[in-house]
Amino acid sequence: MRTKLLPLLFVAVAIGLWSLVSSLQIFSNLVLPAPWEVLEGFVEEAASGRLYQDVVASLFRVTIGFGLAVILGIPFGLWMASQPVLRDMMLPVVNFFRNLSPLAWIPFAILWFGIGDAPAIFLIFIAALFPIILATFAAVENIPSVYFRVANDYGMEKGEILRKVTFPAIAPQVITTLRVTAGLSWLVVVAAEMIAGNDGLGFAIWDARNGLRMDLLVSGMIVIGIIGVILDRLLVQLTKIPGVRWGYEQ
Amino acid sequence: MSSKTEEPIIEISQVSHAYGSVRVLENINLKVMRGEFIAIVGPSGCGKTTLLNIISGYENPDEGSVCRRGKLSMIYQKDGLFPWYTVSENIELSLRHITKSEQRKKQTLSAIRLIALEGFENHYPHQLSGGMKQRVELARALSGESDILLMDEPFSALDYITRLKMRGELVTYLRERPRTVILVTHDIEEAAQLADRVIPMSSRPGSILQVREMTPPRPRSLTDPAVTNMVGELLKLLNLQNGHHVVNIKKGEDHAL
Ligand SMILES: Nc1ncnc2c1ncn2[C@@H]1O[C@H](COP(=O)(O)OP(=O)(O)OP(=O)(O)O)[C@@H](O)[C@H]1O
Ligand SMILES: [Mg+2]
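Protein chains in written order, with the working numbering: chain A, 1 to 250; chain B, 1 to 257.
Derived by calculation from the structure, the hints in this document are not laboratory data. Among the clues, some could well be false.
As the list claims (entries may be wrong) - Chain A stretches covered by chain B per the calculated footprint, using a threshold of three residues with CB under 8 Å from any CB of chain B:
hint	stretch
1	98-105
2	165-171
3	237-248
What the hints assert, rightly or not - With a straight-line Cα cutoff of 25 Å, these simulated DSS-like cross-link-like pairs (lysine-lysine) come out:
hint	chain 1	residue 1	chain 2	residue 2
4	B	Lys106	B	Lys71
5	B	Lys4	B	Lys78
6	B	Lys133	B	Lys106
7	B	Lys71	B	Lys4
8	B	Lys71	B	Lys133
9	A	Lys164	B	Lys106
10	A	Lys164	B	Lys31
11	A	Lys158	B	Lys78
12	B	Lys78	A	Lys164
13	B	Lys100	B	Lys78
14	B	Lys133	B	Lys4
15	B	Lys100	B	Lys71
16	A	Lys240	A	Lys4
17	B	Lys105	B	Lys133
18	B	Lys133	A	Lys240
19	B	Lys165	A	Lys164
20	B	Lys165	A	Lys158
21	B	Lys105	B	Lys71
22	A	Lys158	A	Lys240
23	A	Lys164	B	Lys4
24	B	Lys31	B	Lys106
25	B	Lys105	A	Lys164
26	B	Lys71	B	Lys31
27	B	Lys71	A	Lys158
28	B	Lys31	B	Lys4
Where is the CB? At the ideal position from N, CA and C, for every residue including glycine.
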């Protein structure tokens, strides 16, 4: 109860102050649009269907880019952990790209993929891929050897060990990384669309700024933030699976 | 009760082992009979775990050889339960050879009943106390088909009362289904209460000091003179009398432990 009410109370007070400042007209609307203007702008965007299209466009890009990073990153991390030569060769490389801001890829993204879905998907993929590889790899390296000994003692085959020991042992850490990288993807898609998009929420707020529609800019920001929180809440559900809870307790 | 036979099931011949320049084991010779209960006691770091790893075949000795004639299961010094499996799933690991899932479930349940953890079948290890986890480990190792049970300080993390109870449970298990046991322990009393033969080890390099026979049948009372005598002798052998660890302590200084 308290954890639900207190944030609501804070938001209500903040909006109250915001309304007060707006009605006193201390700042121009270009610096700070009034709450009711933002609401009107939101309704306008929602009614025209543009908001819906932008949300779908952004979510689509994140789903594809992040999905590809997961599908390729986890197996690659596992592979790296199982092949010493590959690990020695790739670990510094993966580390390098992990520490290179995904935004540094924006020029190449545009040069290679132009404008639209492809550059955004590429940037999200790059942003999520390396942390996922690294986290999977590190999680495998950190599995206590006693689990493999027990698996051997009870006669598990290689494939079985992968399914019944390696996967569940790394699951908590990998899930945590998926949460972080999904959040990262949502940050990156906004930046990508601002520069290399002609739709999507990032494009929408950039377009609002260019058109001096500060009301639409703020309503867009609020939508982006709320969707980000919802995505995280959805991924938190993964941590509630009974077989991974051990990784988040004690 | 002892189920000791005259048929050797493990033969350790002239085993020596070193990690780098550290000589850990020196010329270990031991013949374990089928059904026998061996307890190995010795100070920390004397090579007990290393010896178990060599017996189990997990590690190859630098010198000497080990011959085993039976299936082996091991209880590890630390956290051998899969944290992503429930109590019953962990126990079922040792029943994988049973193809009928009904039969497997039945055996799992009876193992859980034996360790008095009914109601905890679907709990995960992190939801159990140290003693409960140890009981699950015991149930898992003992419900399988192995002939030889290697135990590496299985009760060392438990409080005294729980430890006594676990000894009782182990004895009960072995009465129902006799096997060969090698128990590694710091606990001299535990060794004297449970084993057919107690083997004190010295440190650096680890070698067998003596082999002491215990003849009274199990279960043995803690106050059984044979047990108390053996505890006294072992204390002497391991230089632990009077509560003083006299090894490495200079004369005239009071270093009561
Ligand atoms: N993998 C290893 N690499 C290098 N040294 C090792 C390794 N395993 C054990 N040792 C060394 O071998 C010696 C014996 O270790 P071991 O684990 O067998 O002792 P222990 O008798 O089981 O001790 P404890 O009672 O504390 O468990 C120690 O000095 C330890 O430092
Ligand atoms: Mg040890």
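Hint-by-hint comparison with the structure:
{"no.": "1", "hint": "98-105", "verdict": "violated (count 0)"}
{"no.": "2", "hint": "165-171", "verdict": "holds (count 4)"}
{"no.": "3", "hint": "237-248", "verdict": "holds (count 6)"}
{"no.": "4", "hint": "Lys106/B with Lys71/B", "verdict": "holds, 23 Å"}
{"no.": "5", "hint": "Lys4/B with Lys78/B", "verdict": "violated, 29 Å"}
{"no.": "6", "hint": "Lys133/B with Lys106/B", "verdict": "holds, 21 Å"}
{"no.": "7", "hint": "Lys71/B with Lys4/B", "verdict": "holds, 17 Å"}
{"no.": "8", "hint": "Lys71/B with Lys133/B", "verdict": "holds, 24 Å"}
{"no.": "9", "hint": "Lys164/A with Lys106/B", "verdict": "holds, 22 Å"}
{"no.": "10", "hint": "Lys164/A with Lys31/B", "verdict": "violated, 37 Å"}
{"no.": "11", "hint": "Lys158/A with Lys78/B", "verdict": "holds, 24 Å"}
{"no.": "12", "hint": "Lys78/B with Lys164/A", "verdict": "holds, 20 Å"}
{"no.": "13", "hint": "Lys100/B with Lys78/B", "verdict": "violated, 31 Å"}
{"no.": "14", "hint": "Lys133/B with Lys4/B", "verdict": "violated, 29 Å"}
{"no.": "15", "hint": "Lys100/B with Lys71/B", "verdict": "holds, 22 Å"}
{"no.": "16", "hint": "Lys240/A with Lys4/A", "verdict": "holds, 20 Å"}
{"no.": "17", "hint": "Lys105/B with Lys133/B", "verdict": "holds, 20 Å"}
{"no.": "18", "hint": "Lys133/B with Lys240/A", "verdict": "holds, 22 Å"}
{"no.": "19", "hint": "Lys165/B with Lys164/A", "verdict": "violated, 32 Å"}
{"no.": "20", "hint": "Lys165/B with Lys158/A", "verdict": "violated, 38 Å"}
{"no.": "21", "hint": "Lys105/B with Lys71/B", "verdict": "holds, 23 Å"}
{"no.": "22", "hint": "Lys158/A with Lys240/A", "verdict": "violated, 28 Å"}
{"no.": "23", "hint": "Lys164/A with Lys4/B", "verdict": "violated, 37 Å"}
{"no.": "24", "hint": "Lys31/B with Lys106/B", "verdict": "violated, 37 Å"}
{"no.": "25", "hint": "Lys105/B with Lys164/A", "verdict": "holds, 19 Å"}
{"no.": "26", "hint": "Lys71/B with Lys31/B", "verdict": "holds, 17 Å"}
{"no.": "27", "hint": "Lys71/B with Lys158/A", "verdict": "holds, 20 Å"}
{"no.": "28", "hint": "Lys31/B with Lys4/B", "verdict": "holds, 12 Å"}
In this structure, the earlier hints numbered 1, 5, 10, 13, 14, 19, 20, 22, 23 and 24 are contradicted, and the remaining ones agree with it.
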